[in-house]
Amino acid sequence: MAVITYREALRAAMREELQRDENVVVMGEEVAQFNGAYKVTEGLLKEFGPKRVVDTPISEAGFIGLGIGASMLGIRPVMELMFWSFSYVAFDQIVNNAGNIRYMSGGLINCPIVIRGPANGGTNVGATHSHTPEAILASHPGIKVVCPATPYDAKGLMKAAIRDNDPVYVMENTILYNDKGEVPDEDYIVPLGVADVKRVGTDLTIVAHGRAVITSLKAAEILEKEHGVSVEVVDLRSIRPLDEETILASVRKTHRALLVEENKPFCGVDAQIAYLIQAKAFDDLDAPIGRVSSIDAPQIYCKRMEDQQLPHPARVVEAALKVLA
Amino acid sequence: MAKPAVLTHPESLKKPAGPSEFAKHPVNAALSKAEKVALYTKMARIRHFEQRCIRTYQQGKIGGFLHLYVGQEAVAAGTISLLGKHDHIITGYRDHGHGLMVGMSMNECMAELTGKVTGCSQGKGGSMHYFAPDKNYWGGHGIVGGQAPLGTGLAYAVKYKGLKGCCLAYMGDGAVNQGAVHEAYNLAALWDLPMIFVIENNGYSMGTSQERSTAHPGCLAKRAEGYGMAWDVINGHDVYEVRAKTDAAVKRAHEESKPTVLEIFTYRYFGHSMADPDKTYRDKDEIKEYREKKDPVLLFENELLAEGVLTPATRDAINEAAMAEADVAAAFAEESPDPTVADITKHIYWEEDNRGPNSTSRGTIIFE
Ligand SMILES: Cc1ncc(C[n+]2csc(CCOP(=O)(O)OP(=O)(O)O)c2C)c(N)n1
Ligand SMILES: [Mg+2]
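Chains as they are written, first to last, in the working numbering: chain B, 1 to 325; chain V, 326 to 693.
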């Protein structure tokens, strides 16, 4: 096992898949000669050449649409969005075309495309660059969405996504890019739709995804040390498909649930999870389900206030204590 | 990609920079000495403000993205100096120069960068999202190309209201490849809107040279022909040339309600943003060449010294005052308070901020 960063894990996944399958192509703005705006694709051009690693103009609707078209003919494009915030100029391609083509063709056409890039707030760049569209996208049947929180999951999910025959949208996080973790040297995948219990506990289940997992783990530490509470943290890893069983099993054990995400609350991922828990584990609950999301406003620029707007450990602890009260 | 055989660049750019051929153009000849000094002062203020921003950023007081305008001053200065009461502007994220040109204060601009409540957008927008609608400045837009349709809408509104005005929408050389820009071109041409698309061609979109991003018939402005729009190419190092050629476009908009695409050749001295180490995609010598031979502030300064409008002493005084003003702004930004947590949920909806008996909606609109 090597200890590598989240960024390196993503890169290793792409590298190995580029080696494994000659139809894999990495494409996006600044991915090749500039080595990636966030250096995720660093070195790939050098290793694989300009046919496999391709710089595009700032034409998201065009090149994402192109990738979708190419995938229909068997290419496996891995498209980088510099930020998921820029997916909105390509929304029609991403939702209407990639998400519907298989259905509308009665199963005749597949769309094995991966679209990846960071989707997070917390970097002081304001409302236009801080979107977390996983709930919006996952609300469209036909689309798969994953949100890795650790290097291990980043690599395993990325490789699974590239081998998947449906459109898979991978939401990364610039704040996690330098996080380090153990990653196996041998080939592995993390199948989509399998949640991971990142911390075992008995008194409360926290369900989270993406960086909210890291925030929740910090909060769980505090809850243990300062309040003597044993918290289980379930990392969804994948939003659609969703591992309902792991969530329910944990709630059946702890009888209390707190849902944490960096999305805005309205129709966030956690709205779906809350529905699931009350529908299938209502009798197991000892308290109403708690929830921590971003404060409901466009992302504020001011860094100090943005740190308050996003879920942070103190807010998670406070909400946990309410669910435990 | 092969370069096109014939490049359509401004004639003046093909020669070494010297005295402006456009100094005697009527729109420049009409400037009083005081107006020329004022124009120079504005360019110097942009330069010094931006350089002060670098320091504030390096001190860790500005975060996020900071895109500097240093090297491009003559573009905002020349074009905006021509505008009147019913003329509007809108641009991308490289928006500080335009803000200072329309008369925003250094204080509100700097305080916005440090996320303070005294900033032009109360610490909510940041570097990429300056706004001053009272000065006909509609932002400050972070998404590449997004401002082009908005600007076209401003031009539509001006025309709709029967006003003699226009809108200038600025964008970069990389932005011309956004679909929204082409849709805006078509609308402006189809509906005869008083619209001027200004391409600030600084040669690069992030780490991508213009040749690597764009299929083009010699220049970017020429794409206007596909829409039957007028176009021109401009040497953006010469503020007199910028004024002279933009004036024709403004007249076309005001008198004939017709759109124009202007491509202004310019150069940015620093990386794409402060986050760009600027080490890989262009030559240090190229930057040096521009700084030394084509600097728009220096060229205009020489012009005005030769005309006897500036003296070395007045020039120095102007620059010192601009530097001092930027220092004051940095101190103001430092001392100003942050917005509060309660401020986070303000300014989302007009109605929430203006609740009254005539409100047209009910129910929960901000969620827990
Ligand atoms: C739709 C969209 N895609 C990508 C980006 C990221 N991005 C910001 S600026 C930029 C380069 C733009 O270059 P150009 O248009 O030449 O303007 P310049 O920065 O040179 O002023 C890119 C790719 C963005 N903000 N919006
Ligand atoms: Mg550019």
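Since the hints were made in silico from the structure, they are not lab data.
Source: prediction; values computed, not measured.
There's no promise every hint is true.
In silico DSS-like links for lysine-lysine, alpha-carbon gap of 25 Å or less [claimed, not checked]:
#1 V/Lys609 <-> B/Lys46
#2 V/Lys604 <-> B/Lys39
#3 B/Lys253 <-> B/Lys280
#4 V/Lys609 <-> B/Lys39
#5 V/Lys604 <-> B/Lys46
#6 V/Lys386 <-> B/Lys303
#7 V/Lys358 <-> B/Lys303
Quick partial rundown of chain V residues pointing at chain B, CB under 8 Å, derived from the structure [said to hold, decoys possible]:
#8 Gly388
#9 Gly389
#10 Phe390
#11 Gly448
#12 Asn502
#13 Ala505
#14 Leu515
#15 Trp516
#16 Met531
#17 Gly532
#18 Asp663
#19 Val666
#20 Ile669
#21 Ile691
Every residue gets a Cβ at the ideal spot worked out from N, C-alpha and C, and that includes glycine.
Evaluated hints:
no. : hint                  : verdict
1   : V/Lys609 <-> B/Lys46  : 23 Å, holds
2   : V/Lys604 <-> B/Lys39  : 14 Å, holds
3   : B/Lys253 <-> B/Lys280 : 14 Å, holds
4   : V/Lys609 <-> B/Lys39  : 22 Å, holds
5   : V/Lys604 <-> B/Lys46  : 17 Å, holds
6   : V/Lys386 <-> B/Lys303 : 10 Å, holds
7   : V/Lys358 <-> B/Lys303 : 44 Å, violated
8   : Gly388                : 4 Å, holds
9   : Gly389                : 4 Å, holds
10  : Phe390                : 5 Å, holds
11  : Gly448                : 4 Å, holds
12  : Asn502                : 4 Å, holds
13  : Ala505                : 7 Å, holds
14  : Leu515                : 21 Å, violated
15  : Trp516                : 23 Å, violated
16  : Met531                : 6 Å, holds
17  : Gly532                : 3 Å, holds
18  : Asp663                : 5 Å, holds
19  : Val666                : 5 Å, holds
20  : Ile669                : 5 Å, holds
21  : Ile691                : 5 Å, holds
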